[in-house]
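A.B. asks: So the chains spell out like this:
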Amino acid sequence: MNTIEDKEGVKRYMLSLTVNGDPHTVVVKANTTLSQVLRNELALTGTKQGCELGDCGSCTVLMDGKPVNSCMVLALEAEGHEVTTIEGVAEGAKLSDLQESFVNHGAVQCGYCSPGMVLSAKALLKRNPHPTELEVREAISGNLCRCTGYVHIVEAILAVSEGRTTPPEETNAGGEA
Amino acid sequence: MYLPDFDYHSPESIDEALSLLANLGSGAKVLAGGTDLLHKMKQGDLAPKALVSLKGLDKLKGINYVEGRGVVIGALSTQNDILYSEVLAKKYPSVSHAAKKMASNQIRHLGTVGGNIVNAVPSADLPPILIALGASITLVSTSGKREMALEEFFVEPASSVINEGEILTEIVIPDGDLTGSSYHKFGLRRSGALAVVGVAASARVAGGVIEEARIVCASSAPKVIRTPKAEAFLAGKSPAPEVLEELQAIVESEVRPRDSIRGSAEYRRNLAGVLAKRALVDAVESGHGLPAED
Ligand SMILES: Cc1cc2nc3c(=O)[nH]c(=O)nc-3n(C[C@H](O)[C@H](O)[C@H](O)COP(=O)(O)OP(=O)(O)OC[C@H]3O[C@@H](n4cnc5c(N)ncnc54)[C@H](O)[C@@H]3O)c2cc1C
Ligand code: FES
Ligand code: FES
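Chains as they are written, first to last, in our numbering: chain A, 946 to 1122; chain B, 15 to 308.
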């Protein structure tokens, strides 16, 4: 990996990675995490930083399709990898089915957990298109939500696995009165 | 939250990694998944001068069955590699089950079995079941290679026999005549919680009689421990209710838990005895398969 040393002897590394399909090269110090590069260098602030210790999942991104806590990954470890953030989930102005379903089910309240939730759910449905409720709960168990109580999030994910993005009419799940 | 400064190296071969470690000396640390290492560095418990990343060392990846050796697990295999391994699903689902009980999906994609071992905390979930299955490990350095039983790796308290400049390359579960194994973890939540206590058991059973058994306890002493008295007691017995009661009492006399935020010493002692019974019953009745409750 190419390095640059400044007058004070601080070493910086040339890092190349692909984010949401776009190849990027950034110059970072070794102690930079992937979440810091995404937010501070690439201005992709959809990735949140909550606990920064691997517990809350608000920094979840997909690395080569697999969900990881970007606060626990050194940016330099992402060299040559493909990263997907929440900004890469919609197709242009059109929300993905999962995003649409989260909105329609009232699965987004303050929204802090939502980027991570959507990415964990996206990876689950790719691996297992028709999960059980337990499998959904297991897949998002590394994503903490302080607002929703999870029920509407689980319903939103299960809906997409059944080809829907809205709650079944009669139950009015997630709707206001 | 910023990490302290360090230099970063990403060697492309094991030899290059070993000579880097030899040259860098005591300030350098091996980086695998980073889930333990970065945690300590962020918390200010550790400030290595340099990190030597193993990410480019494909030889340390993969889980394979090798005729004459057994199941060979590369040290860089992640917790999820273990959970989803077809080889383990066929030979030792009990090991995959232990991985399933760990952390969260996101951490399981990062954290490796090598890191789980070398980090050497008594709550680590993979060592108990691997020790119950008689696993051995290989350590390499510029001065050569050594193999040892995994149970000999850990030293009290929470440290190991690994030397500066050594890399753990693989874990081998040898072919043997054990007929069953199982791991029971009790955490305060189902996900993202370290073990309050974890107990693995393995057994060789013939005609309903236990010929040989191992009971291995995590979070029950300053390091992961076997319980020799309980193991000796089990030889020649079958898991009848009165045998299980006595097993519980013996295990409770052998563990040395401490009070911690996850549970009092007294509670953990009792839990170790209870989990030992459950793990043994599963190892006897379900082979290497999944425990009955799952
Ligand atoms: C939120 C969270 C939840 C967790 N939950 C659990 C849990 O439920 N159960 C559990 O057991 N653990 C848990 N852990 C701990 C951790 O994820 C595991 O111990 C993991 O397997 C460590 O592996 P790693 O590759 O990330 O190690 P690293 O952090 O990369 O390394 C750990 C240590 O081992 C050394 N090392 C790593 N690989 C090698 C090697 N091949 N040769 C020589 N030295 C090496 C490093 O130098 C370092 O000292 C959790 C951690 C977090 C952050
Ligand atoms: S910010 Fe990464 S897990 Fe909480
Ligand atoms: S919507 Fe607020 S944390 Fe989940």
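Read the hints as simulated data drawn from the structure, not as lab findings.
It cannot be assumed that every hint is accurate.
Unchecked claim - Some, not all, of what chain A presents toward chain B, calculated at C-beta under 8 angstroms: (1) Tyr958; (2) Thr970; (3) Lys974; (4) Pro1012; (5) Leu1021; (6) Glu1022; (7) Ala1084.
What the hints assert, rightly or not - List of simulated lysine-lysine pairs, BS3-like, C-alpha gap at most 27 angstroms: (8) B:Lys54 / A:Lys1011; (9) A:Lys1011 / B:Lys75; (10) A:Lys956 / B:Lys43; (11) A:Lys956 / B:Lys63; (12) B:Lys114 / A:Lys1071; (13) B:Lys56 / A:Lys974; (14) A:Lys1011 / B:Lys159; (15) A:Lys1071 / B:Lys56; (16) A:Lys1011 / B:Lys63; (17) B:Lys104 / A:Lys1071; (18) B:Lys104 / A:Lys974; (19) B:Lys54 / B:Lys114; (20) A:Lys974 / B:Lys43; (21) B:Lys63 / A:Lys952; (22) B:Lys251 / B:Lys105; (23) A:Lys1011 / B:Lys104; (24) A:Lys1011 / B:Lys114; (25) B:Lys43 / B:Lys63; (26) A:Lys956 / B:Lys251; (27) B:Lys63 / B:Lys159; (28) A:Lys1011 / B:Lys105; (29) B:Lys105 / B:Lys63; (30) B:Lys114 / A:Lys974; (31) B:Lys114 / A:Lys956.
What the hints assert, rightly or not - Simulated restraints, written as ranges between beta carbons of each label pair: (32) A:Cys996 / B:Arg272: 24 to 30 angstroms; (33) A:Leu998 / B:Glu30: 27 to 33 angstroms; (34) B:Pro171 / A:Lys956: 34 to 40 angstroms; (35) A:Val1096 / B:Gly82: 40 to 46 angstroms; (36) B:Gly82 / A:Glu1080: 33 to 39 angstroms; (37) B:Gly41 / A:Leu1040: 44 to 50 angstroms; (38) A:Leu1040 / B:Ala163: 52 to 58 angstroms; (39) A:Val1096 / B:Lys63: 44 to 50 angstroms; (40) B:Lys63 / A:Val972: 18 to 24 angstroms.
C-beta: ideal position from N, C-alpha, C; glycine also.
A.B. asks: Now tell me, hint by hint, if it's right for this structure.
C.D. replies: Status of each hint after checking the structure:
1. Tyr958: Given a least distance of 7 angstroms, the restraint on Tyr958 (chain A) holds.
2. Thr970: With Cβ-Cβ at 16 angstroms, over 8 angstroms, it is violated.
3. Lys974: 7 angstroms, holds
4. Pro1012: 5 angstroms, holds
5. Leu1021: 5 angstroms, holds
6. Glu1022: 6 angstroms, holds
7. Ala1084: Holds. Min distance 6 angstroms.
8. B:Lys54 / A:Lys1011: 24 angstroms, holds
9. A:Lys1011 / B:Lys75: Since the Cα atoms of Lys1011 (chain A) and Lys75 (chain B) sit roughly 17 angstroms apart, the hinted pair holds (cutoff 27 angstroms).
10. A:Lys956 / B:Lys43: The given pair, whose Cα atoms are some 18 angstroms apart, holds under the 27 angstroms limit.
11. A:Lys956 / B:Lys63: 13 angstroms, holds
12. B:Lys114 / A:Lys1071: 19 angstroms, holds
13. B:Lys56 / A:Lys974: Distance ~15 angstroms between Lys56 (chain B) and Lys974 (chain A) Cα, so the pair holds.
14. A:Lys1011 / B:Lys159: 34 angstroms, violated
15. A:Lys1071 / B:Lys56: 33 angstroms, violated
16. A:Lys1011 / B:Lys63: 30 angstroms, violated
17. B:Lys104 / A:Lys1071: 24 angstroms, holds
18. B:Lys104 / A:Lys974: Distance ~44 angstroms between Lys104 (chain B) and Lys974 (chain A) Cα, so the pair is violated.
19. B:Lys54 / B:Lys114: Status holds; Cα separation ~24 angstroms.
20. A:Lys974 / B:Lys43: With a Cα-Cα distance of about 17 angstroms, the restraint between Lys974 (chain A) and Lys43 (chain B) holds, given a limit of 27 angstroms.
21. B:Lys63 / A:Lys952: 20 angstroms, holds
22. B:Lys251 / B:Lys105: Cα-Cα ~25 angstroms, so holds.
23. A:Lys1011 / B:Lys104: Between Lys1011 (chain A) and Lys104 (chain B) the Cα gap is close to 24 angstroms, so the pair holds against 27 angstroms.
24. A:Lys1011 / B:Lys114: 16 angstroms, holds
25. B:Lys43 / B:Lys63: 8 angstroms, holds
26. A:Lys956 / B:Lys251: 64 angstroms, violated
27. B:Lys63 / B:Lys159: Answer holds: Lys63 (chain B) to Lys159 (chain B) is near 26 angstroms, not above 27 angstroms.
28. A:Lys1011 / B:Lys105: 26 angstroms, holds
29. B:Lys105 / B:Lys63: Judged against 27 angstroms, a Cα distance of about 41 angstroms means the pair is violated.
30. B:Lys114 / A:Lys974: Given that 27 angstroms is the threshold and the Cα spacing comes to 35 angstroms, the pair is violated.
31. B:Lys114 / A:Lys956: 39 angstroms, violated
32. A:Cys996 / B:Arg272: 24 to 30 angstroms: 26 angstroms, holds
33. A:Leu998 / B:Glu30: 27 to 33 angstroms: 31 angstroms, holds
34. B:Pro171 / A:Lys956: 34 to 40 angstroms: Taking Cβ atoms as reference, Pro171 (chain B) and Lys956 (chain A) lie about 36 angstroms apart, which means the hint holds.
35. A:Val1096 / B:Gly82: 40 to 46 angstroms: At roughly 53 angstroms between Cβ atoms, Gly82 (chain B) and Val1096 (chain A) fall outside 40 to 46 angstroms, so the hint is violated.
36. B:Gly82 / A:Glu1080: 33 to 39 angstroms: Since Gly82 (chain B) and Glu1080 (chain A) have Cβ atoms about 38 angstroms apart, the given range 33 to 39 angstroms holds.
37. B:Gly41 / A:Leu1040: 44 to 50 angstroms: 49 angstroms, holds
38. A:Leu1040 / B:Ala163: 52 to 58 angstroms: 55 angstroms, holds
39. A:Val1096 / B:Lys63: 44 to 50 angstroms: At 49 angstroms between Cβs, range holds.
40. B:Lys63 / A:Val972: 18 to 24 angstroms: 21 angstroms, holds
The earlier numbered hints that this structure contradicts are 2, 14, 15, 16, 18, 26, 29, 30, 31, 35.
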